[in-house]
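Peer 1: What follows is the residue order along each chain.
Protein chains: 2
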Amino acid sequence: MEVTRQNFKESLNTVCSAIDEADFLAIDGEFSGISDGPSVSALTNGLDTPEERYEKLKKHSMDFLLFQFGLCTFRYDKSESKYLTKSFNFYIFPKPFSRNSPDKKFICQSSSIDFLASQGFDFNKVFRHGIPYLNQEEEAQLREQYEERRNQSNGAGTPSFISPSSKGPINVPDEHKDFINRVVEKVEALLSNSEKTVDLDPCTGFQRKLIYQTLNWKYPKGLHVETVETEKKERFIQISKVDEEERRRREHAKQEKEQEELNDAVGFSRVVHAMSKSGKLVVGHNMLLDVMHTIHQFYCPLPEDLTDFKEVTMCVFPRLLDTKLMATTQPFKDLITNTSLAELEKQLKESPFKPPTVQCSEGFQSYDTGTEQLHEAGYDAYITGLCFISMANYLGSFLTPPKAHISAKSKLIEPFYNKLFLMRIIDIPYLNLSGPDLQPKRDHVLYVTFPKEWKTSDLYQLFSAFGNIVVSWIDDTSAFVSLSQTDQVQIAMNTSEFAESYRIQTYAEYVRAKQRDKNP
Amino acid sequence: MEVTRQNFKESLNTVCSAIDEADFLAIDGEFSGISDGPSVSALTNGLDTPEERYEKLKKHSMDFLLFQFGLCTFRYDKSESKYLTKSFNFYIFPKPFSRNSPDKKFICQSSSIDFLASQGFDFNKVFRHGIPYLNQEEEAQLREQYEERRNQSNGAGTPSFISPSSKGPINVPDEHKDFINRVVEKVEALLSNSEKTVDLDPCTGFQRKLIYQTLNWKYPKGLHVETVETEKKERFIQISKVDEEERRRREHAKQEKEQEELNDAVGFSRVVHAMSKSGKLVVGHNMLLDVMHTIHQFYCPLPEDLTDFKEVTMCVFPRLLDTKLMATTQPFKDLITNTSLAELEKQLKESPFKPPTVQCSEGFQSYDTGTEQLHEAGYDAYITGLCFISMANYLGSFLTPPKAHISAKSKLIEPFYNKLFLMRIIDIPYLNLSGPDLQPKRDHVLYVTFPKEWKTSDLYQLFSAFGNIVVSWIDDTSAFVSLSQTDQVQIAMNTSEFAESYRIQTYAEYVRAKQRDKNP
Ligand SMILES: Nc1nc2c(ncn2[C@@H]2O[C@H](COP(=O)(O)OP(=O)(O)O)[C@@H](O)[C@H]2O)c(=O)[nH]1
Ligand SMILES: Nc1nc2c(ncn2[C@@H]2O[C@H](COP(=O)(O)OP(=O)(O)O)[C@@H](O)[C@H]2O)c(=O)[nH]1
Numbered sequence: 002m003e004v005t006r007q008n009f010k011e012s013l014n015t016v017c018s019a020i021d022e023a024d025f026l027a028i029d030g031e032f033s034g035i036s037d038g039p040s041v042s043a044l045t046n047g048l049d050t051p052e053e054r055y056e057k058l059k060k061h062s063m064d065f066l067l068f069q070f071g072l073c074t075f076r077y078d079k080s081e082s083k084y085l086t087k088s089f090n091f092y093i094f095p096k097p098f099s100r101n102s103p104d105k106k107f108i109c110q111s112s113s114i115d116f117l118a119s120q121g122f123d124f125n126k127v128f129r130h131g132i133p134y135l136n137q138e139e140e141a142q143l144r145e146q147y148e149e150r151r152n153q154s155n156g157a158g159t160p161s162f163i164s165p166s167s168k169g170p171i172n173v174p175d176e177h178k179d180f181i182n183r184v185v186e187k188v189e190a191l192l193s194n195s196e197k198t199v200d201l202d203p204c205t206g207f208q209r210k211l212i213y214q215t216l217n218w219k220y221p222k223g224l225h226v227e228t229v230e231t232e233k234k235e236r237f238i239q240i241s242k243v244d245e246e247e248r249r250r251r252e253h254a255k256q257e258k259e260q261e262e263l264n265d266a267v268g269f270s271r272v273v274h275a276m277s278k279s280g281k282l283v284v285g286h287n288m289l290l291d292v293m294h295t296i297h298q299f300y301c302p303l304p305e306d307l308t309d310f311k312e313v314t315m316c317v318f319p320r321l322l323d324t325k326l327m328a329t330t331q332p333f334k335d336l337i338t339n340t341s342l343a344e345l346e347k348q349l350k351e352s353p354f355k356p357p358t359v360q361c362s363e364g365f366q367s368y369d370t371g372t373e374q375l376h377e378a379g380y381d382a383y384i385t386g387l388c389f390i391s392m393a394n395y396l397g398s399f400l401t402p403p404k405a406h407i408s409a410k411s412k413l414i415e416p417f418y419n420k421l422f423l424m425r426i427i428d429i430p431y432l433n434l435s436g437p438d439l440q441p442k443r444d445h446v447l448y449v450t451f452p453k454e455w456k457t458s459d460l461y462q463l464f465s466a467f468g469n470i471v472v473s474w475i476d477d478t479s480a481f482v483s484l485s486q487t488d489q490v491q492i493a494m495n496t497s498e499f500a501e502s503y504r505i506q507t508y509a510e511y512v513r514a515k516q517r518d519k520n521p
Numbered sequence: 002m003e004v005t006r007q008n009f010k011e012s013l014n015t016v017c018s019a020i021d022e023a024d025f026l027a028i029d030g031e032f033s034g035i036s037d038g039p040s041v042s043a044l045t046n047g048l049d050t051p052e053e054r055y056e057k058l059k060k061h062s063m064d065f066l067l068f069q070f071g072l073c074t075f076r077y078d079k080s081e082s083k084y085l086t087k088s089f090n091f092y093i094f095p096k097p098f099s100r101n102s103p104d105k106k107f108i109c110q111s112s113s114i115d116f117l118a119s120q121g122f123d124f125n126k127v128f129r130h131g132i133p134y135l136n137q138e139e140e141a142q143l144r145e146q147y148e149e150r151r152n153q154s155n156g157a158g159t160p161s162f163i164s165p166s167s168k169g170p171i172n173v174p175d176e177h178k179d180f181i182n183r184v185v186e187k188v189e190a191l192l193s194n195s196e197k198t199v200d201l202d203p204c205t206g207f208q209r210k211l212i213y214q215t216l217n218w219k220y221p222k223g224l225h226v227e228t229v230e231t232e233k234k235e236r237f238i239q240i241s242k243v244d245e246e247e248r249r250r251r252e253h254a255k256q257e258k259e260q261e262e263l264n265d266a267v268g269f270s271r272v273v274h275a276m277s278k279s280g281k282l283v284v285g286h287n288m289l290l291d292v293m294h295t296i297h298q299f300y301c302p303l304p305e306d307l308t309d310f311k312e313v314t315m316c317v318f319p320r321l322l323d324t325k326l327m328a329t330t331q332p333f334k335d336l337i338t339n340t341s342l343a344e345l346e347k348q349l350k351e352s353p354f355k356p357p358t359v360q361c362s363e364g365f366q367s368y369d370t371g372t373e374q375l376h377e378a379g380y381d382a383y384i385t386g387l388c389f390i391s392m393a394n395y396l397g398s399f400l401t402p403p404k405a406h407i408s409a410k411s412k413l414i415e416p417f418y419n420k421l422f423l424m425r426i427i428d429i430p431y432l433n434l435s436g437p438d439l440q441p442k443r444d445h446v447l448y449v450t451f452p453k454e455w456k457t458s459d460l461y462q463l464f465s466a467f468g469n470i471v472v473s474w475i476d477d478t479s480a481f482v483s484l485s486q487t488d489q490v491q492i493a494m495n496t497s498e499f500a501e502s503y504r505i506q507t508y509a510e511y512v513r514a515k516q517r518d519k520n521p
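Chains A and B, in that order, give the protein sequences.
For the first sequence, the residue numbers in the working numbering are 2 to 521.
For the second sequence, the residue numbers in the working numbering are 2 to 521.
Take these hints with a grain of salt, some might be off.
Heads up, simulated DSS-like pairs for lysine-lysine below, C-alpha to C-alpha not over 30 angstroms straight-line [claimed, not checked]:
#	chain 1	residue 1	chain 2	residue 2
1	B	Lys350	A	Lys234
2	B	Lys334	A	Lys234
3	A	Lys126	A	Lys105
Honestly, the hints are just simulated from the structure, not real lab data.
The task is simple: from the sequences and hints, build the whole structure.
Peer 2: Listed below in structure tokens is the structure:
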């Protein structure tokens, strides 16, 4: 199901009950870019620590927009021994909801945009009809603004422009005195004729403020003053004669409208809140960036510290499972050669795995995994869920007696909880959200700095005496070089002592220097 | 005429001859945003100096994308006493043209995107089919890359991967030796069988480099080696047996293809080059941002200094005319109340002005100014041109005898050349591109700093003794206050001497402090 601003409100109940009845949820996001700094391969260095990786992604990936969010809910129907799915493809865009709302900026990366364009991504749907959202702080601020206004208003017109200091006769600057006098004349005329309302000419915000203040002070009762926007976005003031009951009615209607506006502004964040509140297992494929973006965009700016990020994440999504991490872990690792989502899905249909029995719920458009719609977030979420089911059920085959269906709550799944795949890190397979991370030995690793002109071959040359080495480029002038034997490290250090064009440090020295830089 | 990547090449001749035959050109641009920093009104402070304004726009507006460029050419047909127009609406997008090309990032501002969306702007056309471009430096770099490759290749295969240092037997790292040996075996088999070509399996860039180097060294003649990309963007190497003539032919075809690739990559910049080379009058409405973006995107990063910017601009566009500046200058100023493009166009159809006689050239889609297509760049360029013609012709009515048609080259127009409208600056109407700027006295201006909580009314209060004042907000805690009389300045300064919550400086002091900050 496609969800845009146009059908969001009427779809929200459907979305929420799909979440509530589900056994697990699968998600996927599409972004306007990946890195606004280093190239993707430098962003994902093979010897990053989890902290370094988190910091780099936070710094270089969060200013992009998560503009398509896929959610697929999976409910197991015992009687029929199959999963029923409901798949949603949300288009997201931070449309400013009023003149004072945050005017968000986001970066686009040409290569990512071009890639999505080549997959038929519909940018018009995003930018014309995307669902808005607020993070928690923005929501709180907006709520406060509305409340403040309401408190000020108690019984006196619609004083959205009145600040507490300005009750009582107000100071109209000379150049506006004529203007305000003419307004007062119009109001006097209204009060003495048989019309119900009078529309003033469009004027500036400052003039509107003066009008509100003046009328509020001169006519505390009997008038309803409201700013109306024309189709051309010009704003003018409309003044109506009202009795007390009518005034109350209007005030009430206005509050209802405000509450609705607030809900509209919170928009897609409400879906994420519902997922979070459900506490259900949330499955994704290579999902670290999806999780970071989701929290960043719909909850709060990401914390400085990886430990704090883990804590926030566990609050928002208490149970996460990454199918890419699962597929690269035993017993799957030996059976699966290619863990990219599309390939994984194909392999998991073949022996020794079994294609999961799923059925699209009534009223939902079904996906055909034969004719792929890859890189549409809703579809990717759907096949991520399929992958999870196949792998979970495969674990059941080791039980005695074997079980064909393993639920999302089974103990067999627990080892995979809250471990997010770390792309291209050689010796740390995952980010452990619910505890400290693995700390592999890096005794055999050297940190080498050199002139910009050097190529990989120069590094091979330099270390040619040591047999196989692995080079992990950091930037133009530095790289990690992993030697095959730890005892070679000392030899390399010794021979390089007097080198002029390059410099070698042990990994431990590198870590120490980096920490000194951080806390001088 | 809509121009995208799909019809760009076949349209280029049409565009260039339209430019060549034109009497003047009108342009307009649409951007992905305006300011990534302060709000637009703080970006355009009423008392900015031209230098300050330039710096702010450079700093806060250039990371957006100019993604639609309108060009309308106007040719005067004497025999029929009317202008013939050709209007082009170009969609622009920096699609990366190869794996090594710059992966440009640009910012989008939600409010701008939302505004364009509400006008029916087609983002899919931009992102799917936008025309790429290179600035001058990128073009030079690419040209150099191609030439370097060509020079290296003289007579020896296609050594795109060979660096000068690596001719001769090469150093294959141990772990790749087997792989390379297998490739050599395949080549030997090819040379001794009747096949013409052999395709190797896809492999990494480093492995391809090793293959190129090895084959180039082992088989300097008789082989053509080429990297081919599959539809799935996998790259593999294809090796063909060739005699010398065939090798030359292929080399030549390759160079032609490279030249074409280069032209494609330069893309839309070629249109701007053609406009520039024509030296024709270029008309725009409120065109400072358009000019800055055009130079920034298609020529070079903007210079630090305003003086240098003026110089560059005059090189690229030797004759510019801003219809907004023209409309706010006498004799038009008194006749025209609203100088926004749409309103201006309407007013210039009415007496004392005359609607210009224009006709759309054959084969071009004509615009109907009745049913507006405002904010499509091609249409905006078109009506900008109409405005220019009406105003130019109006100047002719003062001649004796009056002239109904005033050409774009008339002396009467010259006073308006190269003066770009400065939005919302109170006392400097334009940026003078061909000389120093006006330096109005600002003796009556105060620079006031104060706590964040202050509102405009606090400033009115503070200066209530001085009659009319004008407040120009700089940011949360500072503003310029213009007094109506210069001799009040000293009084204000004296009374504020012991103030604690706020601070007043004269404008001259402010300027001096700012310059100290700049050149400490
Ligand atoms: N000096 C130098 N730097 C390199 C070389 N290869 C890669 N780098 C640097 O290391 C970073 C990561 O390199 P790599 O993993 O090969 O990724 P890629 O450049 O994105 O293909 C690059 O962005 C460069 O800054 C090289 O041969 N010489
Ligand atoms: N402290 C304070 N700052 C203001 C006030 N009005 C404007 N500003 C600041 O001045 C900047 C420009 O203000 P203004 O010209 O009114 O533009 P706007 O905020 O974009 O509508 C704003 O971005 C604020 O930082 C005010 O009443 N109090």
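Peer 1: Check each numbered hint from earlier against the structure, then list the numbers of those it violates in ascending order.
Peer 2: No numbers; nothing is violated.
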